[in-house]
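Please put together the full structure from these sequences, using the hints given.
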Amino acid sequence: MTHQQALEVLAGQRGQRIVITTMGSIAIWPKLSDTPLDFAYIPSSMGQGPALGLGLALAHPERGVIVVNGDGCTLMNLGCLVTMAGNPANLFLIIIDNGLYEVTGGQARPGGSVDFAGLARSAGIERVYQFDTAEAWRARAAEALSGSGPAVICLKVDGKLGQKTPAPPQPMRGQVARLRQALTR
Amino acid sequence: MLDGPAVAAALRECGVTHVIWVPDTHIGAWEAALVAEPSLRLIRVCREGEAIAVAGGLLLGGKKPIVLIQCTGFFEAGDALRNIVHDMKLPLFLIVGVRSYYAHQQGKTADNCPLFTEPIVQAWQLPYQVFTEQNGTADLVSCYRQAQAENRAGAILLAEGT
Chain A
1 MTHQQALEVL
11 AGQRGQRIVI
21 TTMGSIAIWP
31 KLSDTPLDFA
41 YIPSSMGQGP
51 ALGLGLALAH
61 PERGVIVVNG
71 DGCTLMNLGC
81 LVTMAGNPAN
91 LFLIIIDNGL
101 YEVTGGQARP
111 GGSVDFAGLA
121 RSAGIERVYQ
131 FDTAEAWRAR
141 AAEALSGSGP
151 AVICLKVDGK
161 LGQKTPAPPQ
171 PMRGQVARLR
181 QALTR
Chain B
1 MLDGPAVAAA
11 LRECGVTHVI
21 WVPDTHIGAW
31 EAALVAEPSL
41 RLIRVCREGE
51 AIAVAGGLLL
61 GGKKPIVLIQ
71 CTGFFEAGDA
81 LRNIVHDMKL
91 PLFLIVGVRS
101 YYAHQQGKTA
111 DNCPLFTEPI
121 VQAWQLPYQV
131 FTEQNGTADL
141 VSCYRQAQAE
151 NRAGAILLAE
161 GT
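As given, the protein sequences belong to chains A and B, one line each in that order. At position 103 of the first sequence (counting the first as 1) the number is 103 in our numbering, and the numbers step up by one without a gap. At position 11 of the second sequence (counting the first as 1) the number is 11 in our numbering, and the numbers step up by one without a gap.
Any given hint might turn out to be false.
Unchecked claim - Which chain B residues face chain A? A few, computed with CB under 10 angstroms, are given here:
1) H18
2) R44
3) L58
4) L59
5) D79
6) R82
7) I84
8) L90
Calculated from the structure, these hints are not laboratory results. Built from N, CA and C at the ideal position, the CB exists for glycine as well.
Next comes the structure, spelled out in C-alpha cells:
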C-alpha cells in the first residue's frame, strides 16, 4: 500500500482521538486532517513520539491517542514497546514500515525486514495487527482502532526515494497552544 | 537529607501527579514510598529520554509530572530535553542524581560523572540547584514551586555517593 492510502484509511477511523504524526507522515496528514487534535511532532526528538503519546494518553484516558511513527524512529526507541505494555493506556501506535529513512532522502534503515509485530508481542502488547495491503488495512481498521489501547498496528508501505524533510504545518508553539485548548474544553 | 517518605510527601505538597523514572541506587531507595503515596503514579520507563518525553505528554495534557533519573541517563537524554524544554517550551522538572558527587569533591574517585554533569546541564540552559545533605524537603518544594510560578523548566542535581 502507499503511505497516502495508509493514512487515508486512518483518517476515516480516528474518531475524536488525538493523532500525533511523525516523520514522513507529517507531509501527508495535514491534508487529510488539520484539527486541534492533530499534532505534527516536528521539530521532534527522534524516537520519542510514542512516549509523548503515552503521556497524553495517561493524562486523558477518555480521549485516546494515536501515534503514527516511522519504522526508523521506532527502532531508535524500541524500549517504548515495553513501556507501553508496562503502563497500559488508551494508546494506539501505528508503525509505518517502508524500510527507509525516507525524510533524509531514502537511505536504508538497519535491519532489513524487521518483524515489528513480533517485537510488539514479545514486549507484552496483546493487541497487535499487521497489514501489508491497503485492502486488508481498510477491511479491519475499524476493528484495530476500536476499544481502548494499548495496541500496535504495523503497516507495510512502499518506500519513496528522494523525499524532502517535511515542514511543520504550523509552528510548534501554535500547535501546543491549540491542542492544550482543545483538551481543556 | 532527602529520603523516600520525605520526597513523597514533598511531591504531594507540590501537587505532582506522576513520577517518571529510571532509578539509580540512591533514588531507587525511594521506590516503596513513591508507590505507597496515593496522590502519585509511578511510571517506569526504559530510558531517560523516554522519561522526558512521557513527562512532555503529561504536561501537554495538563498534568504535573516530575522526572527522576541519574546523570548518566541525563547525558543520553539531551535530545528529548532539547525538544520538550526548548522546542515545546514545557515546564519540565527533574531530579537528577549526580553519581560520586561527594567522592569527586574529595578527590577520591575516577568517576567523571560529577565533572560533566553541571556543564552539560548549563549547556542545555536548564536552571538548576545542587542539593547536598544540607538540603531538605522544604528546599525541594521551594525549588519546584518557583519553577512552576515562572512557568519554566528546572532541575535539582542531587549529590550522591559517599
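Results of checking the hints against the structure:
no. : hint : result
1   : H18  : holds, 7 angstroms
2   : R44  : holds, 6 angstroms
3   : L58  : holds, 4 angstroms
4   : L59  : holds, 7 angstroms
5   : D79  : holds, 5 angstroms
6   : R82  : holds, 7 angstroms
7   : I84  : holds, 7 angstroms
8   : L90  : holds, 8 angstroms
Going through the hint list in order, the structure satisfies each hint without exception.
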